[in-house]
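Given the sequences, and given the hints that come with them, work out the whole structure.
Anchor point for the sequence shown: position 21 equals 21 in the UniProt record's numbering, and the numbering is continuous, going up by one each time.
Derived from the structure by calculation, the hints contain no laboratory data. Hints should not be assumed to be uniformly reliable.
[Said to hold, decoys possible] Simulated restraints, written as ranges between beta carbons of each label pair:
no.	residue 1	residue 2	range
1	E19	Y47	32 to 42 Å
2	Y35	E14	26 to 36 Å
3	D38	E16	13 to 23 Å
4	H54	L25	11 to 21 Å
5	F50	T18	39 to 49 Å
6	H3	A53	18 to 28 Å
7	H3	R27	37 to 47 Å
8	V2	H28	41 to 51 Å
9	N44	G7	23 to 33 Å
10	E45	T18	36 to 46 Å
11	E19	E41	39 to 49 Å
Note that beta-carbon positions come from the ideal geometry of N, C-alpha and C, so glycine has one too.
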Amino acid sequence: MVHIPAGNFQMGCEPEDTECFSEELPRHQVNLSAYYIDVFEVTNERYAEFLNAHGNDCDGYECADADSGDIRVHES
Numbered sequence: 001m002v003h004i005p006a007g008n009f010q011m012g013c014e015p016e017d018t019e020c021f022s023e024e025l026p027r028h029q030v031n032l033s034a035y036y037i038d039v040f041e042v043t044n045e046r047y048a049e050f051l052n053a054h055g056n057d058c059d060g061y062e063c064a065d066a067d068s069g070d071i072r073v074h075e076s
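This is the structure:
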């Protein structure tokens, strides 16, 4: 895992930018708290293994099936 320090950035577009969608307006500052992110990509299979191994509550079902692509993230 790598520590990403807190910081801010400008997100969105200026009104005169004709290449933007309306959802990208207005340009505004976003402040992020510090967080950690994995150095390596996590596959669906590895994520499914993690969810199922840690006893997440998925109403008695496996929380994830990497082969089907079915991951109940909202319940995990």
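A quick look at each hint next to the structure:
no.: 1; hint: E19 with Y47: 32 to 42 Å; result: 34 Å, holds
no.: 2; hint: Y35 with E14: 26 to 36 Å; result: 28 Å, holds
no.: 3; hint: D38 with E16: 13 to 23 Å; result: 38 Å, violated
no.: 4; hint: H54 with L25: 11 to 21 Å; result: 40 Å, violated
no.: 5; hint: F50 with T18: 39 to 49 Å; result: 43 Å, holds
no.: 6; hint: H3 with A53: 18 to 28 Å; result: 25 Å, holds
no.: 7; hint: H3 with R27: 37 to 47 Å; result: 28 Å, violated
no.: 8; hint: V2 with H28: 41 to 51 Å; result: 27 Å, violated
no.: 9; hint: N44 with G7: 23 to 33 Å; result: 30 Å, holds
no.: 10; hint: E45 with T18: 36 to 46 Å; result: 42 Å, holds
no.: 11; hint: E19 with E41: 39 to 49 Å; result: 29 Å, violated
In this structure, the hints that do not hold are numbers 3, 4, 7, 8, 11, in rising order.
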